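The hints should help you fit chain R onto chain Y, whose structure is shown.
There are 2 protein chains.
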Amino acid sequence: MYGVILAGGVGTRLWPRSRASHPKQFTDITGSGWTMIQATARRLEGLAGSDQLFVVTGPSYADLVTQQLPQMPASHLLVEPSGRNTAPAVGLACLHVRRLQPDATVAILPADHVILQPDQFQAALRRAVEVAQENWIVTLGIEPTFAHSGYGYIKRREVLASAAEIPAYRVERFLEKPNRAVAEQFLSEGGYYWNGGIFVSRADRLLEELARQAPALYGCLERIDAALDSAQASQVLAEVWQEMPSISIDYAVMEGARQVAVVPLQAGWNDVGSWDALETVLEQDGAGNRIARGEVLLLDSTNNIVYSDKRLVALIHIDNLVVVDTGDTLLIGDKNNMQRVKEVVEMLRDQGRTELL
Amino acid sequence: MYGVILAGGVGTRLWPRSRASHPKQFTDITGSGWTMIQATARRLEGLAGSDQLFVVTGPSYADLVTQQLPQMPASHLLVEPSGRNTAPAVGLACLHVRRLQPDATVAILPADHVILQPDQFQAALRRAVEVAQENWIVTLGIEPTFAHSGYGYIKRREVLASAAEIPAYRVERFLEKPNRAVAEQFLSEGGYYWNGGIFVSRADRLLEELARQAPALYGCLERIDAALDSAQASQVLAEVWQEMPSISIDYAVMEGARQVAVVPLQAGWNDVGSWDALETVLEQDGAGNRIARGEVLLLDSTNNIVYSDKRLVALIHIDNLVVVDTGDTLLIGDKNNMQRVKEVVEMLRDQGRTELL
Chain Y
0 MYGVILAGGV GTRLWPRSRA SHPKQFTDIT GSGWTMIQAT ARRLEGLAGS DQLFVVTGPS
60 YADLVTQQLP QMPASHLLVE PSGRNTAPAV GLACLHVRRL QPDATVAILP ADHVILQPDQ
120 FQAALRRAVE VAQENWIVTL GIEPTFAHSG YGYIKRREVL ASAAEIPAYR VERFLEKPNR
180 AVAEQFLSEG GYYWNGGIFV SRADRLLEEL ARQAPALYGC LERIDAALDS AQASQVLAEV
240 WQEMPSISID YAVMEGARQV AVVPLQAGWN DVGSWDALET VLEQDGAGNR IARGEVLLLD
300 STNNIVYSDK RLVALIHIDN LVVVDTGDTL LIGDKNNMQR VKEVVEMLRD QGRTELL
Chain R
0 MYGVILAGGV GTRLWPRSRA SHPKQFTDIT GSGWTMIQAT ARRLEGLAGS DQLFVVTGPS
60 YADLVTQQLP QMPASHLLVE PSGRNTAPAV GLACLHVRRL QPDATVAILP ADHVILQPDQ
120 FQAALRRAVE VAQENWIVTL GIEPTFAHSG YGYIKRREVL ASAAEIPAYR VERFLEKPNR
180 AVAEQFLSEG GYYWNGGIFV SRADRLLEEL ARQAPALYGC LERIDAALDS AQASQVLAEV
240 WQEMPSISID YAVMEGARQV AVVPLQAGWN DVGSWDALET VLEQDGAGNR IARGEVLLLD
300 STNNIVYSDK RLVALIHIDN LVVVDTGDTL LIGDKNNMQR VKEVVEMLRD QGRTELL
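Chains Y and R are the protein sequences, given in the same order.
Position 24 (the first sequence) corresponds to 23 in numbering that gives the first Met the number 0; numbering is contiguous.
Position 299 (the second sequence) corresponds to 298 in numbering that gives the first Met the number 0; numbering is contiguous.
Incorrect hints may have been included.
Since the list gives no way to pick one copy over another, a pair counts as held whenever it fits inside one copy or between any two copies.
What the hints assert, rightly or not - Here are the computed lysine to any residue pairs in the SDA-like style, where the Cα-Cα straight-line distance is at most 20 Å:
id: 1; residue 1: K309; residue 2: Y250
id: 2; residue 1: K309; residue 2: Q350
id: 3; residue 1: K176; residue 2: I246
id: 4; residue 1: K334; residue 2: L281
id: 5; residue 1: K154; residue 2: L356
id: 6; residue 1: K309; residue 2: G351
id: 7; residue 1: K176; residue 2: S187
id: 8; residue 1: K309; residue 2: E221
id: 9; residue 1: K334; residue 2: H316
For the record, the hints were derived by calculation from the structure and aren't laboratory data.
Only a predicted model underlies this, so the values are computations on that prediction, with no experimental measurement involved.
Here chain Y stands alone, though its shape is the one from the complex:
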């Protein structure tokens, strides 16, 4: 099995810790001792060695990947000339994997997810690999814990016959982000999963689906593939990439693919999509406070999330806040309004304060 880590995201939702020059996947956001991309690679240990690892990222982040995953072969760092959403990134990685091993299976993994139970994750991933080897495209379906309206959903059909302990189901369909009421209906009805963007498939199978469903994109990939061993490889990549359609792998492949399966994942998954999401991944003290990092002195303070770099943080009679203290910026927000970090980032962008983004 090959692991393909998608690490091109900018991660503004965890500003100011996540920066355009240093997004969250290169950051130890949970205080685990590992950056998120390192943790993603470590979760594959025993399944895919460092020689079976690929990372797709943008030019600004190539050095960060090399620093943080030094064990990965340099040729496995795939630098997209510009962001074109996930389908071109996945396609590019599949080209490389197919060349190394024509019948290889790939696991496509976003670099910026937290998974609290790596053993559960590995078990689900192993099961997904088995199913993928029978020529299915497999998605890991996150067992929903509440009616989240910010994720796409996957509806399952019948279970696939197997002696395996972990079930796999045929996918009925992929559903766009629902409104709250619809999400609640999904949960009460049952048989729905969150789409976490984790896919497992034979590389050649994914490329076939791209050829069938996204021929323009696949045409671009073929031109890149033809030049891969030549001295012009980078130049061709740069040229072709300008014509490359920007499209997600969900839209380009998954929603219209034949034989798509879902393997349920119940492993403390979290995409840490905003600061308040740290609530579910950090340990709390007796008063509901979660200290991601730093020294914090609490006086009658409850239910706060604090992330400090070096400074001592003292809270007096504070409830339900998120405090993020970095070298040049201090963010204090109401925990229920942390999605609005985006607005702060936009305000700073409008003001031309790029050094703070």
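The following block gives chain R in isolation, referenced to the frame of chain Y:
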């Protein structure tokens, strides 16, 4: 007239901006461009030149005084070997003033008060000097704006006959900090003032009162006085100071003095006794936010007080907080609980974190 600025306080109530090594009087807490001791000296301009200025402080702060008031003669910096409350400090300054000019009047001024209307202050001070020259000990009585239970009060008696525009009253008595109900009674009854610790008197008159009411203290002062011109001056001061009683000028002199007057002061006085007190001395924006210093980005945030050193501060949906961001410490507190800063300071002291105090 001579100005005597008392600058020995430690100012823990404005921690973490005010530090044991750099208390609030040496800090520009309101963003005026002047530190509080500089502002105190500037308020005397036209009444007392820099040659008529004395400062009493502790050994740790002598250099700060010299840096911040370079125009003051070096011999006017009076360094107490250790803190002995206000009466010895005032007595020491009066010795020096009396030597320079036997019939001089002194104004005793705490270094750490904010006065928003310096013209009103000067007018009251001029009036106090007139009355003091008729051999009264005069206190400036702060017109109370609410039933504060944290100050001592002064009760007035009859107005002193005079053609002056600003009245002066004989003092009926000084009252200890009242409870809230008693303070409310004072306000509804009228004729009470807050004791702000600002006094005006002939220096010899104050020394006479000390001799009469606090003979042990005065005995110490006499020994210091006798050695003042000798080579042993510092040594005598150090020795005598160990025996010096620790007592406030209110208790040692004012409460038992004959012929004490009060001149009302209505000049935006504030002793900035806690962070929330900045509310009354800083300009607010349309949403009730007060930015003492720093760059602050506000999103749906109201009624906050922010003091930042260098960092950008972004607030999302935050109400009624005090945020104080310094190089090594960040304090976030509920505005109604800022007296509890003392507890934070105590916790740090108990932990031996003296570098943060």
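Hints, one by one, checked against the model:
1. Proximity of K309 to Y250 under the C-alpha cut-off of 20 Å is found in neither arrangement, the shortest distances being 43 Å within a copy and 45 Å between copies.
2. Proximity of K309 to Q350 under the C-alpha cut-off of 20 Å is restricted to the inter-copy arrangement: shortest distance 18 Å between copies versus 28 Å within a copy.
3. For a Cα distance limit of 20 Å, the shortest separation of K176 from I246 inside one copy, 17 Å, qualifies, whereas the shortest one across copies, 72 Å, does not.
4. For the homomeric pair K334 and L281, the shortest alpha-carbon distance inside one copy (15 Å) is at most 20 Å, but the shortest distance between copies (28 Å) is not.
5. Taking the closest pair of Cα atoms, K154 and L356 never come within 20 Å of each other, the shortest separation being 38 Å inside a single copy and 59 Å across copies.
6. Only between protomers do K309 and G351 lie at most 20 Å apart by alpha-carbon distance; the minimum there is 18 Å, versus 27 Å within a single protomer.
7. With identical chains, the CA atoms of K176 and S187 are at most 20 Å apart within one copy only, with a shortest distance of 17 Å there and 63 Å across copies.
8. In this assembly of identical chains, K309 and E221 lie within 20 Å of each other by CA distance neither inside one copy nor across copies; the values are 50 Å within and 52 Å between.
9. For a Cα distance limit of 20 Å, the shortest separation of K334 from H316 qualifies both inside one copy, at 15 Å, and across copies, at 9 Å.
Hints 1, 5 and 8, counting from the list given before, are not met by this structure.
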